[in-house]
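Protein chains: 2
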Amino acid sequence: MTTIAPAPVVDALRAVLPADRVVDDPDVLASYAHDDAEWAPWELPAAVVRPLDAAQCQAVVRACLEHRVPVVPRGAGTGLSGGANATAGSVVVSVEQMTRIHEIDPAERLAVVEPGIVNDDLRAECAKQGLWYPPDPASSPWSTIGGNVATNAGGMCCVKYGVTRDYVLGVQVVNGLGELVRLGRRTAKGVAGLDLAGLMVGSEGTLGLITEITVKLRPARAPEQTVAGYFANLVDAGRAVASITASGLTPSALELVDRTCLEAVDAWKNLGISAEADVLLLGRADAPGAAGEAEADEMIRHFDAAGATFSARATDAEEADALFAARRLAYPALERLGPVLTEDVCVPRAAVPEMLARIQAIGEANRVTIANIAHAGDGNLHPLLVTPVGDEPARERAQTAFHRIIADAIDLGGTVTGEHGVGLLKRDGLVAEQSPENLAMQRAVKAALDPHGILNPGKVL
Amino acid sequence: MTTIAPAPVVDALRAVLPADRVVDDPDVLASYAHDDAEWAPWELPAAVVRPLDAAQCQAVVRACLEHRVPVVPRGAGTGLSGGANATAGSVVVSVEQMTRIHEIDPAERLAVVEPGIVNDDLRAECAKQGLWYPPDPASSPWSTIGGNVATNAGGMCCVKYGVTRDYVLGVQVVNGLGELVRLGRRTAKGVAGLDLAGLMVGSEGTLGLITEITVKLRPARAPEQTVAGYFANLVDAGRAVASITASGLTPSALELVDRTCLEAVDAWKNLGISAEADVLLLGRADAPGAAGEAEADEMIRHFDAAGATFSARATDAEEADALFAARRLAYPALERLGPVLTEDVCVPRAAVPEMLARIQAIGEANRVTIANIAHAGDGNLHPLLVTPVGDEPARERAQTAFHRIIADAIDLGGTVTGEHGVGLLKRDGLVAEQSPENLAMQRAVKAALDPHGILNPGKVL
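Sequence lines, in order, name chains G and C.
All letters in the first sequence, in the order written, are residues 1229 to 1689 by the numbering used here.
All letters in the second sequence, in the order written, are residues 1229 to 1689 by the numbering used here.
Worth flagging that the hints you see were computed from the coordinates, not collected in a lab.
Any given hint could turn out to be false.
[Claimed, not checked] The list that follows gives simulated cross-link-like pairs (lysine-lysine, DSBU-like), each with its CA atoms no further than 35 Å apart:
#1 C/Lys1356 <-> C/Lys1444
#2 C/Lys1388 <-> G/Lys1388
#3 C/Lys1356 <-> G/Lys1444
#4 C/Lys1388 <-> G/Lys1356
[As the list claims (entries may be wrong)] Partial pick of chain G residues on the chain C-facing surface, computed with a CB cut under 10 Å:
#5 Leu1359
#6 Val1429
#7 Asp1606
#8 Glu1647
#9 Leu1689
[Unchecked claim] Pairwise CB distance ranges, derived in the manner of DEER restraints:
#10 C/Gly1641 <-> G/Ala1460: 56 to 66 Å
#11 C/Ala1450 <-> G/Glu1620: 53 to 63 Å
#12 C/Ala1316 <-> G/Pro1664: 29 to 39 Å
#13 G/Ala1450 <-> C/Asp1549: 27 to 37 Å
Quick reminder that beta carbons are idealized off the backbone N, C-alpha and C, glycines included.
Could you put the whole structure together from the sequences, leaning on the hints where they help?
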């Protein structure tokens, strides 16, 4: 951390915003200075502002533009790549209080919302009208739609229903010139001009400060069926996933939990799974009525044919919850052991067993505990690197392992980030993954839309 | 038309390409000088080149870059907005002979193809492996995937399955600096860097010449059920569409054919529908087995409840084809009356009856025959403006009507183009629809990625 920057921008912010919208108390600044990414650098911002509407957002960006001070957009701060981490003297714009739902329109199947609304809150309001907003990142009880859009968040159901990008029709942003601009559309289809709304999705605050989002909705779906399978090794589990995909079945979730997770859960809750299984696969199916039960049974058949040592279909919600317990408890079980760095690589589906084997070898070679949760149906793996608190050599070994995992994901034809974003943690990985020409095109777009370099500079590119 | 530009670029092209790849015979040039858009201006290019691979595409763009000559990318030339129309002295790059399928991978559910492959040909190859490429523009027997990607083509099934954008994972392009660049990914998920692959989709050749496309595939689906409903007026038909949407039912097609179309079809084929119906609604459902039949029956119930004077569900493929005959024959039936200008506005679903009423009034006020086919489930309308051959005053009245329709679509919260693109015909409409700040951002992106302005200049922006 450096010292707090001199305060002319703070005075400028106070001149254009109500006094209670601008905070420069150091304790508060510290609590807004970073997201949930372990090991990503951060420094104290000059101020945190909490705008209440788009006009206030615009006033903030204009003040920052005038003083050439970086704007760091922030939703709930649940990001896992450091994308919302402050730089010294920057202005963190927390949209957490912009939580209004402007409309939910069942006839058009869309909602128009402010960026600060929490994912689960929007889903609950949609459900009241028989509608469904599918993207379901694990952070959905806390993370905001604005943050979800900025990172193009995924989740468990995207194996069937796609990611945030697939649900964004339009956005309103404050751009790099301090203009409030509406991009995209409200209609079901539309190809008028370049797809700048799409470009904003996943741009991690580097191209605009999002002030409003129009999302596409689906009709509410049938209740899900849940299945579980225990496997003696990764190869069998991988074969089950491949055979489900090849059969034309599309589960509404297909999750993998590895031995290290199962052991951590057992050490905490004594579910006894790790004695029976090396790998746990969890599936969901949501076709309506008998079709959903048939899909669940078919998944069980694929589990068994691939050599599952145990398989079961839940008959009610309580049983489903019990089957998903190991998945749900994996993260807190690991956190008991020390700080957890959540990795997020995505590889071709067929490469999942090979990637998991490599991750295990990397963990052993570097003496780092690495557990794995994976959206197996998508090839999206979350290796979870755990190090004991305060053990600096272990932390250095873990960082070596982290970079090795990224290199191996690229080697297998994968990407360095499936759904968490580049932020600060994956900047080197991005350079390793993409060609210099591709990166130069991205920098050219960034420079074109943010000519003064005030929008979350230093992130992604 | 102006005279052909001097030929230094032609010599330069001949220096880097096999002789048979470069054509400057005026008769051939004329046949490649424009797409299927009525009334869009075009001029003779200096040359047509027909590259066989990405390296030849790159050589063309480099030669054009050196001579500062516009590159006009072209697929099959089935576009309806003039996006592939040549300017005087430009070089038309026809990718029609780049038709290879590099791979179809059932395990990853993706295909990697060259841009010149025809949509239906790709679909047929995918079907052989139990896979499905959904986007189904009406031009699918002739149009290329490259053209589909460049215009972000839609079709009938997108009411349930989305548009071309939703199936593009990655592209390889020659960019404005003459570099061959791979954008996007092969994995199911990925958020590494700005979404430039997505930005290329629908950019109509203004940001890059597409040389390869990686598309997402779905498992083959169940055969569709087909239903038809006759309605005495637009209000009843509109109510049926709204009630289907509100019920949570998602048809795999929901098409509307209006009285003017029905009369044109009857005048040609004497199907006798126009005596019984003012508006025809056609629906399809593709849930597997009994569920699909139930969805079809539910659509029929919505038709009847909204006041259909007749409704039917096809029991076999032949009957389904008969029910869809009026939709299939509408366009050729109208072409018998004169050149047809295909409009392509998209309005909120609830505004479809109002928009159709306004279109009818515009036709009457300007004494222009305007028939309507509509992707009613999406609010995407195709008013078809027909004028007698050689009737210049009628053509001027039709152009007035064309602009009036665009203005009314914007007035109802719609967009000037739902799936055909801006090209030349909708440039004024784009300016009317989008804010100056939005357009300036698009121009900034264009300038950043095509600094010398050689990629399809004058189109879209």
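Going down the list of hints, with the structure as the test:
no. : hint                                : in the structure
1   : C/Lys1356 <-> C/Lys1444             : 16 Å, holds
2   : C/Lys1388 <-> G/Lys1388             : 13 Å, holds
3   : C/Lys1356 <-> G/Lys1444             : 33 Å, holds
4   : C/Lys1388 <-> G/Lys1356             : 23 Å, holds
5   : Leu1359                             : 9 Å, holds
6   : Val1429                             : 7 Å, holds
7   : Asp1606                             : 4 Å, holds
8   : Glu1647                             : 6 Å, holds
9   : Leu1689                             : 7 Å, holds
10  : C/Gly1641 <-> G/Ala1460: 56 to 66 Å : 58 Å, holds
11  : C/Ala1450 <-> G/Glu1620: 53 to 63 Å : 59 Å, holds
12  : C/Ala1316 <-> G/Pro1664: 29 to 39 Å : 36 Å, holds
13  : G/Ala1450 <-> C/Asp1549: 27 to 37 Å : 32 Å, holds
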